[in-house]
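Asker: Below are the chains, spelled out letter by letter.
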Amino acid sequence: MTTINGFINAINDELNKNKEYLTELDGLIGDADHGINMARGFNAVVTKITDEDTDIGATLKKVGMTLISTVGGAAGPLYGTAFMKAGGASVGMTRLDSETVEKMISLALTGIKDRGKAMKGEKTMIDAIEPALEAVRVGIENGNSLIECLEMAIVAAEEGVEFTKSIRATKGRASYLGDRSIGHQDPGATSSLIILKAVTAHYKTKVLEV
Amino acid sequence: MKKIINQPENVVDEMLKGIVAAHPSYVKRVEGFEILVRANSPQPKVALVSGGGSGHEPSHGGFVGKGMLDGAVAGAVFTSPTPDQVFEAVKAVNGGKGVLLVVKNYTGDIMNFEMAAEMAAEEGIQVEHVVVNDDVAVEDSTWTTGRRGIAGTVLVHKIAGAKAEAGGDLQEVKRVAEKVITNVKSMGMALTTCTVPAAGKPSFVLPENEVEIGMGIHGEPGTHREVIRSANEIVDHLLDKILADLNLAGGDEVAVLVNGLGGTPIMELYIANLRVASVLEEKGVTIAKTYVGNYMTSLDMEGFSISVLKLDAELKGLLLAAADTPGLVQN
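Sequences listed follow chains A and B, in order.
At position 32 of the first sequence the residue is numbered 32 (this note's numbering), and the sequence of numbers has no breaks.
Converting from the second sequence to this note's numbering requires adding 210 to each position, the first position being numbered 1.
Be a bit skeptical, because a hint or two may be false.
Said to hold, decoys possible - Going by beta-carbon spacing under 7 angstroms, a handful of chain B positions derived as facing chain A: (1) 289; (2) 317; (3) 318; (4) 405.
In case anyone wonders, no lab produced these hints; they're calculated from the structure.
Note that this is a predicted model, so its numbers are computed, not measured.
Cβ coordinates follow ideal geometry from the N, Cα and C atoms, glycine included.
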């Protein structure tokens, strides 16, 4: 058995491991702080969550509130909103199934789009999350397990991150570069992929233990 | 990285404490928050709150005082402050006449300040906000998030602050702020980028003989790189872009801000200003007021920006009104 706290800690570990990498990506087309900000936010989050937090929805809402009040920049409101919306789709739950995960990602994505007034193809985190959501939906239609759905989501999100290299940013600070943003990978899409991979890897190790 | 710091994670907190230690008659800290407000805040007038990432000092905390800001919120270096911080600042300065938020046009700043405005509105505080977007280096189209807010923001603080000090109501102060935003255009360039303390190394490296034109105030790249030219040629290039956007005619009056980005000697700023003054004089444009110095910096970046504000009688009167803040004293 694992707890939502285990997942949150897995995300924190991976973001801290990739702190410099994300900051370097941001330095090329932004203001060189994405990894630092995400690590600061999740370092604060893990001090507020324990194994006593069993309600997945309530916990994710707490994660979202903490990110909003500690990350700053654009990532704070966007990831904060995403976690709060995902929490709204999983209130009272202690286990997750594919349908709930689909709903969580779907509401998180809508929240990000509304807050950031952005859509797919603008070189943002949406370019990783939207393909991931579509992959989960395909997995559900095919009757795949949750782990299979998540693995399909990772492949789709990886392609999405790769896709951000080929396009010009039209949202966020990288948009000021115009065509000079082409060729560079979006740090926000990359952090979304890191979170998805961390959750999936943690889920796989824990499911094997059940 | 060589910097006069203790730990990178403490730079904002220690800077704010240092400002209060230096200027206790002007500013005080809102306990538990990264906020500076006037020492005798709140005032029975419309309050102005600005803020953004740190690293732009004296913006914005240095302009808290009579005739300019009532509160300044300091985020982490180059990172917008969070909504709860901005909301606390609004509450701390609200004297019952409403609060105007002056926001620079960056995605993060807008989201965080808008969330704070929503929180304040829910508590019944009258809040309005304006977005400064004076940087003509950036294309203003549906393909970008619009132009960035840079040094022209200081002139918004000065003029809207004077209007609030004179007893203008929230809508009047907002109208004047928007008039400044419409009429102020800026553009900068850099010889080096800057080093964010927590990152420990420069955001990118410019070759020894190259400069970045249209550089932002966060170490983010500008429009293009070129081989360095003389001060006069650089000024001419920046002014061309600025004036193309301002439609100045002979007989017009302007204010000029030649702003250092943190690492450039004041000597070089005055050399640049000489050229600005002579180009404008040649065009028959009168300079009513010139500011030269470090007003909106970018940590240790070497470089400068030029801002030109087209004045009318109202803006001129407010620009020349008295101000008394740690970063700007004007009688």
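Asker: Tell me the numbers of any earlier hints that the structure contravenes, in ascending order.
Answerer: 4
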